Amino acid sequence: MVNIERIRNLREDNDLTQTDIAALLNISQRAYSHYESGNRKLPLDIIISLADYYNCSVDYLLCRTDRKEINK
Numbered sequence: 237m238v239n240i241e242r243i244r245n246l247r248e249d250n251d252l253t254q255t256d257i258a259a260l261l262n263i264s265q266r267a268y269s270h271y272e273s274g275n276r277k278l279p280l281d282i283i284i285s286l287a288d289y290y291n292c293s294v295d296y297l298l299c300r301t302d303r304k305e306i307n308k
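The sequence shown begins at 237 in our numbering and counts up one residue at a time.
In short, the hints are calculated from the structure, not lab data.
These numbers were taken from a predicted model, which means no experiment stands behind them.
Glycine included, each C-beta is placed from N, C-alpha and C at the ideal position.
There's no promise every hint is true.
Label pairs and their calculated CB-CB ranges [to be verified]: (1) 303 x 255: 26 to 34 Å; (2) 244 x 300: 14 to 22 Å; (3) 294 x 274: 24 to 32 Å.
The task is simple: from the sequences and hints, build the whole structure.
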């Protein structure tokens, strides 16, 4: 399960609005709001897009690690 708090913190730490991220993901702000509030599960393609955008691992978003950086 995606850690919703991590998703929200990443967005806020980057001074982005839900509308900004929704536009990046080509979804409505309302849909993104449902994901971020935990009312809907994030689809895998959205999780991957968020990890790519924030330059972090999918494992970090899934709480499988506390290391944000991507292993190279």
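Any hints from earlier that this structure breaks? Give me their numbers in increasing order, please.
-> Structure breaks hint 3 only.
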